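Peer 1: The primary structure of each chain is shown beneath.
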Amino acid sequence: MTNRQPQRSFMARLVIRIPYAWLVAFFLVPFLIVLKISLSQTAIAQPPYTPVFDLSAGWQGLRNFFAGLSLDNYAFLGSDPLYFLSYVKSLEIAAFSTLMLLVIGYPMAYAITRTPRRVQAVLVLAVILPFWTSFLIRIYAWMNILQHDGPLNQLLLALAIVREPPTWLSTDTAVYIGIVYSYLPFMVLPLYATLEKLDESLFEAAADLGCPRWKTFWLVTLPLSAPGVLAGALLCFIPIVGEFVIPDLLGGSRTSMIGQTIWTEFFANKDWPTASAVAVVLVCLLVTPIVVFQYQAMRGAERD
Amino acid sequence: MQTVGAKRGFAPWADRTLQPLLRIEGLSKRFGAFAAVDHLSLDIYQGEFFALLGPSGCGKTTLLRLIAGFERASAGRILLDGVDLATVPPHRRPVNMMFQSYALFPHLTVEANVAFGLKQEGLPKLQIGERVADMLALVKLENFGRRKPHELSGGQRQRVALARSLVKRPRVLLLDEPMAALDKKLRGETQFELMDLQRRLGLTFIIVTHDQSEAMTVADRIAVMDRGRLMQVAPPTEIYEQPNSRWVADFIGNVNLFEGRLGDDGTSVEGTAVGRLRVAAKIDAEPRSTVWVAVRPEKMRIVPSEPSPGPPAALENCVAATVVDIGYLGDLSIYKLRTDDGVPMQAAIANTGRLTERAIGWDGKVWLSFPPEAAIVLTR
Numbered sequence: 001m002t003n004r005q006p007q008r009s010f011m012a013r014l015v016i017r018i019p020y021a022w023l024v025a026f027f028l029v030p031f032l033i034v035l036k037i038s039l040s041q042t043a044i045a046q047p048p049y050t051p052v053f054d055l056s057a058g059w060q061g062l063r064n065f066f067a068g069l070s071l072d073n074y075a076f077l078g079s080d081p082l083y084f085l086s087y088v089k090s091l092e093i094a095a096f097s098t099l100m101l102l103v104i105g106y107p108m109a110y111a112i113t114r115t116p117r118r119v120q121a122v123l124v125l126a127v128i129l130p131f132w133t134s135f136l137i138r139i140y141a142w143m144n145i146l147q148h149d150g151p152l153n154q155l156l157l158a159l160a161i162v163r164e165p166p167t168w169l170s171t172d173t174a175v176y177i178g179i180v181y182s183y184l185p186f187m188v189l190p191l192y193a194t195l196e197k198l199d200e201s202l203f204e205a206a207a208d209l210g211c212p213r214w215k216t217f218w219l220v221t222l223p224l225s226a227p228g229v230l231a232g233a234l235l236c237f238i239p240i241v242g243e244f245v246i247p248d249l250l251g252g253s254r255t256s257m258i259g260q261t262i263w264t265e266f267f268a269n270k271d272w273p274t275a276s277a278v279a280v281v282l283v284c285l286l287v288t289p290i291v292v293f294q295y296q297a298m299r300g301a302e303r304d
Numbered sequence: 001m002q003t004v005g006a007k008r009g010f011a012p013w014a015d016r017t018l019q020p021l022l023r024i025e026g027l028s029k030r031f032g033a034f035a036a037v038d039h040l041s042l043d044i045y046q047g048e049f050f051a052l053l054g055p056s057g058c059g060k061t062t063l064l065r066l067i068a069g070f071e072r073a074s075a076g077r078i079l080l081d082g083v084d085l086a087t088v089p090p091h092r093r094p095v096n097m098m099f100q101s102y103a104l105f106p107h108l109t110v111e112a113n114v115a116f117g118l119k120q121e122g123l124p125k126l127q128i129g130e131r132v133a134d135m136l137a138l139v140k141l142e143n144f145g146r147r148k149p150h151e152l153s154g155g156q157r158q159r160v161a162l163a164r165s166l167v168k169r170p171r172v173l174l175l176d177e178p179m180a181a182l183d184k185k186l187r188g189e190t191q192f193e194l195m196d197l198q199r200r201l202g203l204t205f206i207i208v209t210h211d212q213s214e215a216m217t218v219a220d221r222i223a224v225m226d227r228g229r230l231m232q233v234a235p236p237t238e239i240y241e242q243p244n245s246r247w248v249a250d251f252i253g254n255v256n257l258f259e260g261r262l263g264d265d266g267t268s269v270e271g272t273a274v275g276r277l278r279v280a281a282k283i284d285a286e287p288r289s290t291v292w293v294a295v296r297p298e299k300m301r302i303v304p305s306e307p308s309p310g311p312p313a314a315l316e317n318c319v320a321a322t323v324v325d326i327g328y329l330g331d332l333s334i335y336k337l338r339t340d341d342g343v344p345m346q347a348a349i350a351n352t353g354r355l356t357e358r359a360i361g362w363d364g365k366v367w368l369s370f371p372p373e374a375a376i377v378l379t380r
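Top to bottom, those sequences are chains E and F. The first sequence runs 1 to 304 under the working numbering. The second sequence runs 1 to 380 under the working numbering.
I should point out that these hints are in silico values taken from the structure, not numbers from a laboratory. As the structure is a prediction and not an experimental result, all values here were calculated from the model. Just so you know, not all the hints are guaranteed correct.
With a cut-off of at most 25 Å between alpha-carbon atoms, the simulated PhoX-like pairs for lysine-lysine come out as follows [as the list claims (entries may be wrong)]: (1) F:Lys365 <-> F:Lys336; (2) F:Lys119 <-> E:Lys215; (3) F:Lys125 <-> E:Lys215; (4) F:Lys299 <-> E:Lys215; (5) E:Lys197 <-> E:Lys215; (6) F:Lys184 <-> F:Lys140; (7) E:Lys270 <-> E:Lys89; (8) F:Lys119 <-> F:Lys148; (9) F:Lys125 <-> F:Lys148; (10) E:Lys197 <-> F:Lys299; (11) F:Lys299 <-> F:Lys282; (12) F:Lys140 <-> F:Lys125.
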């Protein structure tokens, strides 16, 4: 390596190091702080945990600091089913939402690629148009739509689909609606990017070799769009697991996803160490799919 | 009808009792106001190696795609074995296409690519395996069956594409610029292999190409196309030796063209830029009508001194000129010349001897001549 790139200029080295510096400063350091807090004990003090690293105490202080750390909080997570259940709930909601997003997003992305080029640009713009409005405002709008005498129930009553207005808010259904609505662009865009790159002549070749259209989809289109499916699924699944705002506003207290559990520990119980432990376990849960994704992406890059 | 130069005495187009395999009748394909294929009619016979040749944008690929079924005709009919293909979708047509981009399925192995078409027919697995193995052996890829397309060289990929389109034994194989992506040497070898394959399998091939030497090499007949129309359909030698128009004469190879008026005797052309020219055959045109004399550069003779005025014929079709440029191609030398009146001409001389010193050099006057038999007279 060093032989091939003997003299990198100072500027070039700086440019390469900026993203690393960024990641260290804004991801690794905060994570280490959270990790440290998760190994601490609650205290009625400022900050609300011990031990606090005291530079002035010298070696003895350092030794006391490490002696004060323990895995008690992690053991506590295991002892109360509340935490386990909210992890399961989060993974369940994320998995089903991702599935629904795929079922809705794939046909959308596929349909966009089938339109003429100029129309495609407009449709892709339409997909990302919701980002022009604040995420929070859009979720509040859904609260309005879904409330007891809101537009959705009025419509259902007017069309005589229901006789009694059903309750939407504070149910899992509302959470699913909010999540699928909010994350749809993150599913459609990577799928569109993959499908749009597929060579038209591959479909013609399949037809030429005697394959009807619907079968070409299963034999050619779907296998070749697998990287897009994976990218879209991970882009949605990972943030949905840690989602807080949507379940909090639309699901109310009945849905307890892991994001809400962390919030409660931090702000209601003022239990920073337990909250941090919950967060660290969550990160570990999510790193696994990211590693899988990276591995897939690297294999894809090798192929090209 | 003349059948000059048909290979191996094969000329089904001259046999009026034969039914064509593929009949194209008044076929048009319009994209908006632009006619890519313009009222085109053509018959292609069983066992022919047929080439569609023309400049880019002449509609040759559109014609191929119409036959494959990827484009819908605006007017006209395509009949295969007497059956109108208009309502037959591409996946039911007994024709296969080899794509210019090869269009190999990147997620499938070589074997699976070749087997793809046979699987659609629902053949038993064992039979598919056999036919795929036979086909891969035929294109000399028997050891590459388990590889993916991206693990092959360009030439190997081209063979996989060929194998995949041949394995279904199509009534007509359509080849869209099949050798465009190969380097020159490999292209030359592949052309001969393709001819050999076509002859052995006895299939009908239609190849689209913009490379005239490729079309001349492989084809039994060539259709020269321009702006959606057929300019001439004939065997390669006839296209070259008896072009039917200035456009074809100029498009295929190089040519010296002289405009003049047909003489009263019908065997001379008067008033050209190089004077009166004598031609061999009697021309079937009105005397004094405008005609063009076309002479291929390699049929020109160059001599360094004025021919002696012996027999009267010796001074016919002879003009003095000076050498402007010499292009040495190894086997040939191309001479760009200019007559004393400033008319540009060109001649190609085969370098048969190992010349250390050219007989005709850069400076000095030379005399250019051609025999009357070498002249082609064109009326349009």
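Peer 1: A separate judgement is required for each hint: does it hold in the structure or not?
Peer 2: Tested hints:
1. F:Lys365 <-> F:Lys336: holds (13 Å)
2. F:Lys119 <-> E:Lys215: Holds - the C-alpha atoms of lysine 215 (chain E) and lysine 119 (chain F) are around 12 Å apart, at most 25 Å.
3. F:Lys125 <-> E:Lys215: holds (19 Å)
4. F:Lys299 <-> E:Lys215: Violated - the C-alpha atoms of lysine 215 (chain E) and lysine 299 (chain F) are around 58 Å apart, more than 25 Å.
5. E:Lys197 <-> E:Lys215: Roughly 20 Å separates the two Cα atoms, so the pair holds.
6. F:Lys184 <-> F:Lys140: holds (20 Å)
7. E:Lys270 <-> E:Lys89: Roughly 23 Å between the alpha carbons, so the hint for lysine 270 (chain E) and lysine 89 (chain E) holds.
8. F:Lys119 <-> F:Lys148: holds (18 Å)
9. F:Lys125 <-> F:Lys148: Holds, at about 21 Å.
10. E:Lys197 <-> F:Lys299: violated (52 Å)
11. F:Lys299 <-> F:Lys282: holds (20 Å)
12. F:Lys140 <-> F:Lys125: holds (22 Å)
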